[in-house]
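Asker: All chains, please: the whole structure from these sequences, using the hints.
For the sequence shown, the numbering used here begins at 4 and goes up steadily by one.
Think of the hints as simulated: they come from the structure by calculation, not from any bench. This structure is a prediction, so every number in the text was calculated from the model and none was measured. Each hint can be trusted.
Restricting the straight-line Cα-Cα distance to at most 27 Å, the calculated cross-link-like pairs of lysine-lysine (DSSO-like) are:
1. K61 with K30
2. K61 with K17
3. K30 with K52
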Amino acid sequence: MSDENKNELNAAAKTEPQFAIQRVYTKDVSFETPNSPAIFQKDWKPEIKLDLDTRSNKLADDTYEVVLAVTVTATVEGQTAFLAEVQQAGIFTIGNLPEAQLAHTIGAFCPTTLFPYARETVASLVNRGSFPQFNLSPVNFEALFASYVQQRAAEAKVNAPESTETH
4 MSDENKNELN AAAKTEPQFA IQRVYTKDVS FETPNSPAIF QKDWKPEIKL
54 DLDTRSNKLA DDTYEVVLAV TVTATVEGQT AFLAEVQQAG IFTIGNLPEA
104 QLAHTIGAFC PTTLFPYARE TVASLVNRGS FPQFNLSPVN FEALFASYVQ
154 QRAAEAKVNA PESTETH
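Answerer: This is how it looks when you write it as structure tokens:
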């Protein structure tokens, strides 16, 4: 292969979209059973509340930390049975993407990658807390991100100053 062909390949590689998972890790975890052991005597018909949140932090050029926060609260007869909180994080290399595609990757694709790890951690915590098996249902982060983008666009439209055209 000639030096010219190698240079062309290197130039193409520098402009192609890049995505790599550098690391997946548990950033923070908490499990509380504020009403144990009395809660174990109740009929197990829990009401489950799930809260999800994501945040990101640019660490360096093309390197981002994305954190998926999952909070699960189970209540039985109005009393908290357990509260599980997991912050599952990842460090990702993401490069050569247009701004909208970068936002989508950070806001939907990365959380989708992290969710199975958070789900496993929550299931393990609940099991170790001596509660019945608990598995989080899959989450459609694509739909959540699309809804977020639509909401932001609607807010921007409402908050945009009215144009005053002069002729």
